[in-house]
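For the protein sequence lines, the chains are F and B, in the order given. End of the first sequence = 1289 in our numbering, gap-free, step of one. End of the second sequence = 1289 in our numbering, gap-free, step of one.
The set of hints was computed from the structure by calculation and includes no laboratory data. Any given hint might turn out to be false.
Copies of the same chain look alike in the list, so a pair counts if it fits in one copy or across any two.
[Said to hold, decoys possible] Here are the simulated DSSO-like pairs of lysine-lysine, each with C-alpha atoms no more than 30 Å apart in a straight line:
| # | residue 1 | residue 2 |
| --- | --- | --- |
| 1 | Lys1270 | Lys1251 |
| 2 | Lys1287 | Lys1270 |
| 3 | Lys1270 | Lys1255 |
| 4 | Lys1203 | Lys1251 |
Below are the chains, spelled out letter by letter.
Protein chains: 2
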Amino acid sequence: MNPELFLQLDRVIHEKGRLAILSALAATPELSFTELREMLGMTDGNLATHVRILQEEGFISVAKSYEKNRPLTTCALTATGRKAFAGYIDLLEQIVQQSKQK
Amino acid sequence: MNPELFLQLDRVIHEKGRLAILSALAATPELSFTELREMLGMTDGNLATHVRILQEEGFISVAKSYEKNRPLTTCALTATGRKAFAGYIDLLEQIVQQSKQK
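Please take these sequences and the hints and turn them into a complete structure.
Dropping the structure here:
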């Protein structure tokens, strides 16, 4: 087994909630905060915390606008985030393959 | 995307260090504490903490004996641990496949 694989797993992405958020955003150009919250069954506070961490890491962008006079927050994967997520998934794939070889 | 996959990831196994320990133990009948520590490049304290958590969860068994008059601690996956690890790897595989479909 190659222990390097585990060390390389990005700590920010590896957290289950953030992994779910990035997976959702990787499948679509953008999602509103409300869509993400309902899709993932998270509380406002929990989602807001993860979104802030992902934004600070440069993995997602957050845009605030209005729709029918109501504030609308949308999230989208950045190029950096897309690359980091793809790299993380590649690592997971290697870990799975390594575990299935035995 | 299926958000259930992420919710199902076992929190004890998902931690990077413990994932590495379980992967190492899944590949071999048993490993000494020293072998694990050197293989994974962990400190004594860090490895001891993870080993205790995995033992409390029933995922690994820890045996203390002597070899050439020196104490020897060996760790092995339990049947419960092997099943939980296999289930975790199956989930990872589904997450990878889901991410690659897009």
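Status of the hints after comparison with the structure:
1. Lys1270 with Lys1251: Answer is within: at 24 Å inside a copy they meet the 30 Å cutoff, but 45 Å across does not.
2. Lys1287 with Lys1270: For Lys1287 and Lys1270, both the intra-copy (26 Å) and inter-copy (13 Å) Cα distances are at most 30 Å.
3. Lys1270 with Lys1255: For Lys1270 and Lys1255, the Cα distance exceeds 30 Å both inside one copy (34 Å) and across copies (51 Å).
4. Lys1203 with Lys1251: within (25 Å within a copy, 35 Å between copies)
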